[in-house]
Structures are given as C-alpha cells and as structure tokens.
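Asker: Whenever a hint applies, use it, and build me the whole structure from the sequences.
FYI, the numbering for the sequence shown is 1 to 147, going by this note's numbering.
Hints are computed from structural coordinates only; laboratory data are not their basis. No false leads were mixed into what you were given.
Subject to a maximum C-alpha distance of 35 Å in a straight line, what follows is the list of computed DSBU-like cross-link-like pairs (lysine-lysine):
no.: 1; residue 1: Lys129; residue 2: Lys85
no.: 2; residue 1: Lys146; residue 2: Lys128
no.: 3; residue 1: Lys99; residue 2: Lys129
no.: 4; residue 1: Lys129; residue 2: Lys146
no.: 5; residue 1: Lys128; residue 2: Lys85
no.: 6; residue 1: Lys146; residue 2: Lys85
no.: 7; residue 1: Lys99; residue 2: Lys128
no.: 8; residue 1: Lys99; residue 2: Lys146
no.: 9; residue 1: Lys85; residue 2: Lys99
What follows is a list of derived Cβ distance ranges for each label pair:
no.: 10; residue 1: Val13; residue 2: Gln60; range: 36 to 46 Å
no.: 11; residue 1: Ser100; residue 2: Leu14; range: 30 to 40 Å
no.: 12; residue 1: Lys85; residue 2: His29; range: 17 to 27 Å
For every residue, glycine included, the Cβ atom is placed at its ideal position computed from N, Cα and C.
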Amino acid sequence: MPPLYSPSEQAAVLHECFISLGSNIDPEHYFAQALEIISRECVLLARSNAIRTAPVGYQQQPDFLNAALLVSTPLEHEAFRAYLKGVEDRLGRVRGEIKSGPRTMDLDIVAWDGEIVDDGYFQHNYVKKPVDEVLAGSGRSLEPQKG
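Answerer: In structure tokens:
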C-alpha cells in the first residue's frame, strides 16, 4: 500500500490521531508488524511502551499487550478509521462471535485532533495509561469530546 502521507503534500491538512493497540495472539510479532506498517504509511510522531494487561470481558484467553501511538495523517476521521480496520485485516484479524475475544491486532482511534473520541480512555487503564505516557512525552493535552 502506498504511504498515506507524502512530505511534499504541503497543502494537505494533517490530523493528529492517538491510536490504541492491543493484541493477545503472538503479540510481540503483531506489534512489530503494526508498527512497521503504520510507520511506513503514516507519520509516527510518538509511541508508548507496551504494557501487559489481563483480558476484559471474555476471560478464557491470554493476556493482552497494549500500547498507544500518536500519528499524523491527511485522511479524514472515518477514512482513517477504515484504514486502521484494513491494517487489522492485513495482520490477520478475525472478527469472531466473541467481541472481546482473542485477536492478532486491535487498532482504535482514541483521540482525534486533540479531542477524545473513545470513552475507552476514561473506562480502561489499558487505553489510558499508554495514551497518558505519550501525552507526557509529547507535551500535548487532550480535551473531552465536544457536544
């Protein structure tokens, strides 16, 4: 897939996006693959360390590896969300009957242009802790979703 951003695109409006990553099927392998793809196709601005967490919801599965990325993209929100679902598919994600079941990679938009768009940030430490690490290291801050 060609890069989603070219440095020569000076007229493009760039959006900053915090992405939550999660995997519990060969997580080290799929984290490396996701990072390689996203770094090649987007502008990676910052990343958190990975943390190991117990599953939420369905318990009969391995622990998860979770992290957060801050990227820049010229895509609009819904197009970028579709892009992330495509990356999940490229990494072998199977969407089964159990929504909170095992997965090779889960990529969710947590914040878009400084605005929190996923309540998971407030509800789950596996989302909040990595995002807060990136915030602290990047000097950025987030606002709750408007309206």
